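Working from the sequences, and respecting the hints, build out all of it.
Here the protein sequences come in this chain order: F and S.
The numbering of the first sequence is the UniProt record's numbering, which starts it at 1 and goes up by one.
The numbering of the second sequence is the UniProt record's numbering, which starts it at 1 and goes up by one.
Quick caveat, the hints were computed from the structure, so don't treat them as lab data.
Take the hints with a grain of salt, since some may be wrong.
[To be verified] So these bits of chain S aren't anywhere near chain F, every CB distance computed over 12 Å:
id	residue
1	Lys20
2	Asp39
3	Pro52
4	Glu97
5	Gly134
6	Lys140
7	Met160
8	Ala165
9	Asp203
10	Gln297
11	Val335
12	Asp407
13	Arg412
14	Ala427
15	Gly445
16	Ala465
[Unchecked claim] Only pairs whose alpha carbons sit at most 16 Å apart, straight line, appear in this in silico EDC-like list of lysine to aspartate or glutamate:
id	chain 1	residue 1	chain 2	residue 2
17	S	Lys320	S	Asp366
18	S	Lys158	F	Asp107
19	S	Lys175	S	Asp107
20	F	Lys158	S	Asp107
21	F	Lys298	F	Asp269
22	F	Lys293	F	Glu315
On a predicted model such as this, the values are computed, not experimentally measured, just so you know.
Note that CB positions come from ideal geometry on N, CA and C, so glycine has one too.
Protein chains: 2
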Amino acid sequence: MDDIAYYAGGVFRSAQADRKKVVVLGSGWGALSFAKKLDTKLYDVTLVSPRPFFFYTPLLCGSTTGTVSQGAIIEPIRDSAAACNYLHVACSDVDLEKKKVHCANQDTGAQVSLDYDHLVVAVGAQPNTFGIPGVQEHAKFLKELEHGAEVRRQLLNKVMEADVALVAGDMEKVKQLLNVVVVGGGPTGVEFCGELSDFIKRDLAVRFPKLQDHFQVTLVEALPGLLTMFQKAVGQHVQDHLVGQGVDVRLNAMVKEAEADKVHIKMKDGSIETIAFGTLVWVAGVGMRPFTKALCQKIGPDNGQTDRRGLLVDECLRVKGTNPGEVFALGDCAVSGKPPTAQVAAQQGKYLGRMFRAGQQERLADKEAAPFKYAHQGTMAYIGDNQAATELFPNGLIKLGRSSITDHMWWRSLYGDVDHIRVMGVAGFAVWRSVYFSKMYSMRGRWCVASDWFRTFLFGRPAAAPVQGTAA
Amino acid sequence: MDDIAYYAGGVFRSAQADRKKVVVLGSGWGALSFAKKLDTKLYDVTLVSPRPFFFYTPLLCGSTTGTVSQGAIIEPIRDSAAACNYLHVACSDVDLEKKKVHCANQDTGAQVSLDYDHLVVAVGAQPNTFGIPGVQEHAKFLKELEHGAEVRRQLLNKVMEADVALVAGDMEKVKQLLNVVVVGGGPTGVEFCGELSDFIKRDLAVRFPKLQDHFQVTLVEALPGLLTMFQKAVGQHVQDHLVGQGVDVRLNAMVKEAEADKVHIKMKDGSIETIAFGTLVWVAGVGMRPFTKALCQKIGPDNGQTDRRGLLVDECLRVKGTNPGEVFALGDCAVSGKPPTAQVAAQQGKYLGRMFRAGQQERLADKEAAPFKYAHQGTMAYIGDNQAATELFPNGLIKLGRSSITDHMWWRSLYGDVDHIRVMGVAGFAVWRSVYFSKMYSMRGRWCVASDWFRTFLFGRPAAAPVQGTAA
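Set out below in structure tokens:
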């Protein structure tokens, strides 16, 4: 018996030693959905990220108003990828020759270097200010979890400052403090306006009755419409709904400069309008992280890295200009012709995970390997007042054998010659909640979110938050 | 009908104008239990505090490990004292002659001055380092809500740093990072050690199996025993239990100096021992806030303010050296001969609120008014592993007519000639949870805490927290 145990141990150890080393940079949608697909008996997987948790981006807007708590939408990497190693450091440099990544903890300076056989870059993107002066200094963003906390703190503090200004009788100051200017009419901007108008109408106006006539939300978008990734009719519907909710929607409006308490906007007719704000939320787009930029430059434009949006990859997510099968990129840091969304990143992660399956590893470097195919499942945005705009593509969700749902007679008899359905209003909100609830990674997350949603239903959103702390 | 409405409005307005102005400084146990007792038809009440929420101090230790979330234990002042005004500023100065308080927002500098007829000072206390070098810079405290968040961030970050040090093979660094030194053997220190040993055994050791043998908790106390406010046998029981949980308890040990990663301790025999730590938590005592100190000096030692612990008050909580009935102090900032506990502050707030009742206001300045009487209801401390030490004084909870519970024959036949009962172990924990649950201020709070406790029971405590953010 001892021999058998010893033998098994030996096999296990040798299997352990033979495992290929996979280093994953990132802890978002792409990194996690990839890491979860890997067989850790075959691969020694190490995730490297300065953020020790995955967070559920679709509910970030809800966390700014307290509809859900921040703790409910995070998932520690240690739990969600328990079989992988995780190191709480940021990758500072990649040695593509020696196949090494150099990492450091930004707080303590502690350094560690890791060898890899395969490197997967999934570091995501960062908010893009497009170089507009004053935005970096004076705007709040909504990309990372801590941005949500900062926006919440700022929103609530400004309401309380307005209360003080009211006692002092300074009505202009009150109006300035209570104006929230949101720049960017994409899904994040629209959802934030929806959540915010709920928060104002249902909670703040009740808790701060003297201030209730002075709350204002202003949505600024450079394009002539909102939600341009939806069909045009959807954008128009959403715009009408937000206006009905009291949001001041400004289209064809370009931010030229931001100051500490006002923003200068160029309107379509060329005139400059100045809007005073208490809170400026910038959700106008994303750009490359410094790390991604440095890696692009390291590989060099001569080797094909010529894009200013991220790492150019081939159809199998291999980073152009690197040895085939060694370096991959996915999600928002990769330029693959797909939009920078969670849906794309998650599908890319799963696709790449399948490429790493047992017995098929030769595909990793194979130019003829099956390329990544994106199946668009739909787009959704909560727009306030228990309503959402959703566009669902059932073909992306389910395929019936070789044919797709929209090939079927019953589909055509119901919906005609279209491949998607739109669900708007309260029904859309039901779809929104159901889909996002079911897509959460863990039962713990579902428990927390369900209990938070029910708490909000029962008691409303609290008018103060722990993040405000003791400092005034 | 119009006339009646008009008349009623007139009465209401005149009542409004005649209302005495009460300004309350603070948003803790004393301030809130006082403000809730006041009849806002008689008084125009304004709470002034840089902290826009009350927070439920008994569960602060639990929030450091994630047993409850921070959002669950706060109660916005706007909700808990909805009929009062609240201003998110800190009082910087009191003009006792003109009966004015000057306040400012520490972030924005916005200023506001308020007139008062009655001023209630309930600003609490702050952690006391007793001037020991290095403590202010290198220790974490556990007094305010944000301290809980900082301790949580530090604890989790150090565990993740230890993971990196393990990869680098630096075992001494691992041991240092995973040692948590707690200074102070009172209820907060003991509860924190209990919560922490739960967190380590049930969650961290499972999530970080390679680190599990290196976690250490060290409890340092200058006195020869723990929980000296309990009976001596209780302190001994708690000490034995903590040692059984793996806590290294050092009694008769005085901290002499703290550095960034080690602390120098003078033992009973006079020798100096140096302990390396990853996290140093300082819960050794409380002291006066700068505001309280300034107010003491303003009134002056010649007028009776001679105590270095806080504002000296008479038996009716009137601040000595001020005009009778004008300035009151209660809770941790007042020196009334009672210990600085939540129980004392809450009872003082209720007592003072009753003094302000209709038709009895002349008592406010009356030297013969009934003095504050403290009814001690008991002391409780969670000590880990689902056990707690509790000492209950039923006489403080319920009086039967003129006699007290312990006068009754049935009590004596059950418990003999004692006026209190001790409940230890798991039964004590049941008492601990029941009492603290029932004492919470709002149904929202109870919902949140119950759902958090159940979440912890189902899924454990998460091994990462939003407060860690993206920065490594």
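(request) Over 12 Å to the closest beta carbon of chain F is the bar; see if Met160/S clears it. (result) Not fine: 3 Å to the nearest Cβ puts Met160/S too close to chain F.
(message) Would the non-interface assignment of Ala427/S survive a Cβ cutoff of 12 Å against chain F?
(response) Per Cβ check, Ala427/S is outside 12 Å of chain F; nearest 28 Å; holds.
(message) Beyond 12 Å on every Cβ pair: is that true for Ala465/S relative to chain F?
(response) Incorrect as stated: the minimum Cβ-Cβ distance to chain F is 7 Å, not above 12 Å.
(message) Minimum C-beta separation from Glu97/S to chain F exceeding 12 Å: can you confirm that?
(response) Non-interface label stands for Glu97/S: nearest chain F Cβ at 22 Å, farther than 12 Å.
(request) Could you check that no beta carbon of chain F comes within 12 Å of the beta carbon of Gln297/S? (result) holds (23 Å)
(request) Over 12 Å to the closest beta carbon of chain F is the bar; see if Asp407/S clears it. (result) holds (43 Å)
(request) Quick one: work out the minimum CB distance from Asp39/S to chain F and report holds if it exceeds 12 Å, violated otherwise. (result) At about 20 Å from chain F, Asp39/S clears the 12 Å cut-off, so the statement holds.
(message) Need the status of pair Lys158/F, Asp107/S: alpha-carbon distance at most 16 Å?
(response) Given that 16 Å is the threshold and the Cα spacing comes to 11 Å, the pair holds.
(request) Verify the proposed pairing of Lys293/F with Glu315/F, using a straight-line Cα cut of 16 Å. (result) Between Lys293/F and Glu315/F the Cα gap is close to 21 Å, so the pair fails against 16 Å, i.e. violated.
(message) Quick check for students: does the CB of Asp203/S sit more than 12 Å from each CB in chain F?
(response) Asp203/S is in fact no farther than 12 Å from some Cβ atom of chain F, at 10 Å.
(request) For the pair supplied as a hint, Lys158/S and Asp107/F, confirm whether the alpha-carbon distance does not exceed 16 Å. (result) Given that 16 Å is the threshold and the Cα spacing comes to 11 Å, the pair holds.
(message) Given the hinted pair Lys175/S and Asp107/S, is their Cα-Cα distance within 16 Å?
(response) violated (40 Å)
Going down the numbered hints, you'll see the structure goes against 3, 7, 8, 9, 15, 16, 19, 21 and 22, while the others check out.
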